[in-house]
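K.L.:
Chain residues, written in single-letter form:
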Amino acid sequence: MKKKLSFLSISFILVLSVFLSACGNKQDAGSGNGATGEPQDGGKVTLAMFSAPQGIFNPVFYEDQYDAYVLEYTFDDLFGYDSNLNISTEKSLGDSYKFENDNKTLTIKMKQEAKWHDGKPVTIDDMIFAWEVIADKEYTGPRFSNISMIKGAQEKKDGKADKIAGITKIDDYTVKLELNQAQANTISEIWDYPLAKHLYEGVPIKDMPNAEPTKKNIVGNAEFKVKEIKANEYVVLERNDDYWRGKAHLDQIVLKVVNQDVAIGALKKGDVDFVPQIQPKEFDDLDKNDNVEIKEIGDFGYQYMGINHESTKLQDQKLRQALVYGIDRAAMVKGLLKGHGYVLNQHIPKVSWAYNEGLDDAYPYDVEKAKSILAEAGYKDLNGDGFVEGKDGKAFSLKLDYPTGNPVREQSAPIIKENLEKIGLKIDLQQPREVASHYDAVEQGKTELYLAGWGLVPDPDPSGIFLSTDTFNYLRYKNAESDKLIKAAVTSSDAFDQAKRKEMYKTWTEKINEDVPQVFLYGQNRIEAWNKRVNGVTFDWRGAIESPDAIDWWVAK
Amino acid sequence: MSQYIVRRFLISIPVIILISVILFSLVQLAPGDAFSGQFDPNIDASYYEKMRKDFGFDKPPVEQYFMWASNFIQGDFGISFRHKVEVSEMIGNRIGNTFFLAITAMIITYILAIPIGIFSAERPYSKIDYTITGISFVGLSIPTFYGALIAIYLFSFYLGWFPYSGTETVGNDYTGMAYILDKLHHVLLPAFTLAFLSIAAYTRYIRASVLDAKQQDFVRTAFAKGLDQKVVLRKHVLRNALLPLITLFGLDLGLLVSGAIITESIFSWPGLGRLLYEATINRDYPILMAGYMIIAIFVLIGNLIADILYSVADPRIRYD
Amino acid sequence: MIDEKLLIINDLKTAFSTSMGSVTVVDDVSLYIKKKETLALVGESGCGKSMTSLSIMQLLPVNGKIMNGEIIFNNHNLVELSDKEMSKVRGNDIAMIFQEPMTSLNPVLTIGDQITEGLLLHRKLSKKEAKDRAVALLKLVGFSRAVEVMKEYPHQLSGGMRQRVMIAMAMSVDPSLLIADEPTTALDVTIQAQILELMQELKEKFDTSILLITHDLGVVAEMADRVVVMYAGEVVEEADALSLFEDPSHPYTQGLIKSVPSLDVQQERLYSIPGTVPAPNEVTVGCRFAPRCAQAWERCSKEKPSLYQRKNGHQVRCFLYELGEGTNYNESGATHS
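Chains as they are written, first to last, in our numbering: chain C, 1 to 557; chain B, 1 to 320; chain D, 1 to 337.
For the record, the hints were derived by calculation from the structure and aren't laboratory data.
Fair warning: there could be bad hints in the mix.
Stated by the list, open to error - In silico DSSO-like cross-links for lysine-lysine, where the CA-CA straight-line distance does not exceed 27 Å:
#	chain 1	residue 1	chain 2	residue 2
1	D	K151	B	K214
2	C	K163	B	K53
3	C	K98	C	K394
4	D	K5	D	K65
5	B	K183	C	K230
6	D	K5	B	K235
7	C	K98	C	K502
8	C	K313	C	K227
9	B	K53	C	K157
10	B	K50	C	K206
11	C	K115	C	K160
12	C	K206	C	K120
13	B	K50	C	K163
14	C	K44	C	K163
15	C	K446	B	K214
16	B	K235	C	K137
17	B	K214	D	K5
18	C	K157	C	K230
19	C	K151	C	K104
What the hints assert, rightly or not - Listed next, with one range per pair, are the computed distances between beta-carbon atoms:
#	chain 1	residue 1	chain 2	residue 2	range
20	D	D174	B	K230	23 to 33 Å
21	B	G171	C	G405	51 to 61 Å
22	D	K304	B	K230	42 to 52 Å
Note that CB positions come from ideal geometry on N, CA and C, so glycine has one too.
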């Protein structure tokens, strides 16, 4: 009797496995067209979103990553970036900008051809309206830091003024701004998405995020417009035939919520055309697939091991240096990321113009060197148990905390422990916590070593994280020299010269590299895949999905 | 009977209050709050401070509870900390979907498990009975996550019979029957996956219940009266054997709704389960409180309905 | 006509298949019931009397089977009937009531529903006619509130009342034979008397024969015309009621009668037959009662006695009566080869 049971159960499972492996190999749908050939008009492309957007489809009010996907194709801003991360207005609403008066006055000019999807022109009034709304004390969104540099913005926020004093409208497409200080990255920082005044004027500011133009009848100004929103399921975009840059080839872009584990299967089947955020382990399989194009590029984020500088254990610079020498970061990239990443030694992404190539070879994995640095610093193994004791001769160990939510990062924790124990440091690996609890512990200074990551933006300025006064400086790293360098790279007049600014960042990255405020681990590559039937796809530092070139995508009939 | 209902209703009130207190305490006890780990260094830190203050995080928990409670009673579920959207709006969209999924799963369970269970009980210890038992055990052991993926790969990608995401076809403009059919087409696979575990459990349960009922003396009496197999089964055995199902029904609805989390996730089914899971990670307690309170209320209602149904179906149970 | 036999059982052998092999519980049992007569089937628990009655009704449990024999009723051999044909007999020509009134009725159906069930099945009556007849029957069995009772449920009635309902159910179809398996065992003594009285009344009124299965000799004395005594699956004595009590022949019967406590004679200790009933799967050589019999001698444990005739249809399965009337053997007894 028992034999029968298990036989039947096993055969059932075997049958299932056969099906699974069979569909793994089944090549389906979407005969890939070569990238050559004339673009054709028409057709539709489907993007996978792993989670549902919140439905706040306006740049001024949104906060969710997936809302941003929709905004990508429907709203334009004044300033964009080119493939080298230089500011460019070619594909944006801006026309030109000029700094004067010791870089304290900024004059911005807009293009005149752009229209909102309802036909009304996009003018400087809309841009000014956006700034005024953000500075309003009733505004509930997070964008104030993007206008705080305008003189008078803070006063309005504090309720002391009705309007931002530093804004002067010159004509319907030009505005002059007085700034609080000269800042080289003003254009990167400043809020540059206009807000349709004719739609929002008269709506109480605190109601704007939930107003009709934000949630139901979206009026954007870019190459696609919102056709249909099915909350929590999909958004259908259709081509804007009146777009000032020209007509897109595609008729529609559909953004569909698809579970991350299922998305790749859907891509192979041809049901979905674009999948972002592909995991490194999927790379090879998709690469072999004839219908799928997969590309990768160094991402704008990296993982690091944070150091709590308020802990007495981690005050010695040599100890911190030993940490970096003692972790085999190249092996992590090879082993955990399957080579789809790179070792990092600075808070600037590889693709940035500010990236310091000179640091590429810093801190190679060197067990002997790490050990000798430790010994130099006074950490010796006195009792022969394989672990060094503290300078006071007592037992010495370091706690390592890490969060869940990133499988590769979770796997790196025990590897780090192993690496460091090999150079003689006892590591006390804690149980992983989920993100909120983890960061709560970090914020409260309860950790010693901890794993975390940062996402970066095109402008290399590290303020917000590395300044001694920053709230988000969880490292509690206080270095006056570093602060000075950081500030100078933004506010000094030299900073306005990109080549000179690059030099300043070179100095800064090298300085802190020596001091080891944190152990930079690795940058993970951004990997995206799409069906070969989609042509004209540009894949640069933004990936394919967030590129401004959706207007060029086309599919063969 | 109506007295009974009123009494049950009144008892439910302190139960619900207690549930709300427990829920609230659990959320508060978890380390971190809605804004921990949710930082963007390009945003001024004071923004998060302001948010924390606006939502009353600096107030003592008891005060926060009463703030929440007084709003809740008036129908104001508050605003999601993370998403700044009205909770009632976030839940409203999704709750219908979850119930649709849960009820379809229940119907599928009943349609399949009852006949299979009876079938099994009619020929106990036979080859086919063992086969069904074996499959039931497999069903009970497969983790939902895995089962859902298998279902998608098999029935959606490989066979192409069912869609794998959403409640409707993208961009459709169906009306009437076509619309209903489209929705059914979309719900069937996730409902079946969700039901699989229930079907396995119910089949075993019904089999045991029917086998037990068949041993009863009154079944022998029925045969002694000259009634045939079919009539005895339907009128005498089943009416007794299926009574316990009514009790299960009350519990099941609540279980299904919360158990649908994983299924909803894999199938990108826009339901309450997924929302609550994310809200838990995000410490978004307005959503959590509203969501779980709704589930609790439905479980209580489900139980009440089950008890009432039971008294209708079983004459031995009467509430006076 | 009075002497006409209603039911004849010849050499019935019923066995169960168990994990320990086939176990015979009714071993070559033959008996008959005449029209309008009450036959009592007596014996201890496990002697096979219930199984005999279930064999008649073809209601044996799942692993039981009639291995041999015939049961003649209405010119048919019930053993050979198909299930469909048999279900026309059950609850129609032959009705049965059981020992446990508390559990023999379906708890979720009304009394009225359960009484009319048989009627609607076997007679072509309309619902109303069946209902009326059910009410009449309920009145007949002693319910004054018959109409209300129709709508009530079993749990609302006492044990005695439920047994009355069972009787009403059984009699509703006017059966020629009523099999009553320990109908009063689970009831109080006072109720017991009422039920028995009722059964007697109905028997007279409907001209029904009764096969009364019991282990209670008091009941036998009240009700039976004839008695069959069973032991370990076999018939060991058969006689009319009077003869059985006046002249119990088989040592087992004698033991049974002796075991009944008497109000007249002062007894220090209650008498019980020494030893225990053999287990059904025990294979015995010779007389099954021999191990417990005070009058047994060597032959008894080696050879099996047949049923020997005495006068007036009195039969005994004991060597003591091998040579017929008036001959008694004692231990040192007869020569044999």
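K.L.:
None of the hints should be skipped; say for each whether it holds.
P.N.:
Hints, verified against the model:
1. K151/D to K214/B: With Cα atoms ~25 Å apart, K151/D and K214/B stay inside 27 Å; holds.
2. K163/C to K53/B: holds (26 Å)
3. K98/C to K394/C: violated (62 Å)
4. K5/D to K65/D: Holds. K5/D to K65/D sits at ~25 Å (cutoff 27 Å).
5. K183/B to K230/C: holds (14 Å)
6. K5/D to K235/B: Distance ~37 Å between K5/D and K235/B Cα, so the pair is violated.
7. K98/C to K502/C: holds (21 Å)
8. K313/C to K227/C: Cα-Cα ~58 Å, so violated.
9. K53/B to K157/C: Distance of about 17 Å is within 27 Å: holds.
10. K50/B to K206/C: holds (15 Å)
11. K115/C to K160/C: Status violated; Cα separation ~34 Å.
12. K206/C to K120/C: holds (25 Å)
13. K50/B to K163/C: Distance of about 22 Å is within 27 Å: holds.
14. K44/C to K163/C: Not OK: K44/C and K163/C at ~44 Å, beyond 27 Å, violated.
15. K446/C to K214/B: Given pair K446/C, K214/B is violated - Cα atoms ~65 Å apart, limit 27 Å.
16. K235/B to K137/C: violated (72 Å)
17. K214/B to K5/D: Roughly 35 Å between the alpha carbons, so the hint for K214/B and K5/D is violated.
18. K157/C to K230/C: violated (36 Å)
19. K151/C to K104/C: holds (10 Å)
20. D174/D to K230/B: 23 to 33 Å: holds (26 Å)
21. G171/B to G405/C: 51 to 61 Å: Given about 33 Å between the Cβ atoms, the range is violated.
22. K304/D to K230/B: 42 to 52 Å: Holds, at about 45 Å.
In terms of the numbered hints stated before, the structure departs from hints 3, 6, 8, 11, 14, 15, 16, 17, 18, 21, listed from lowest to highest.
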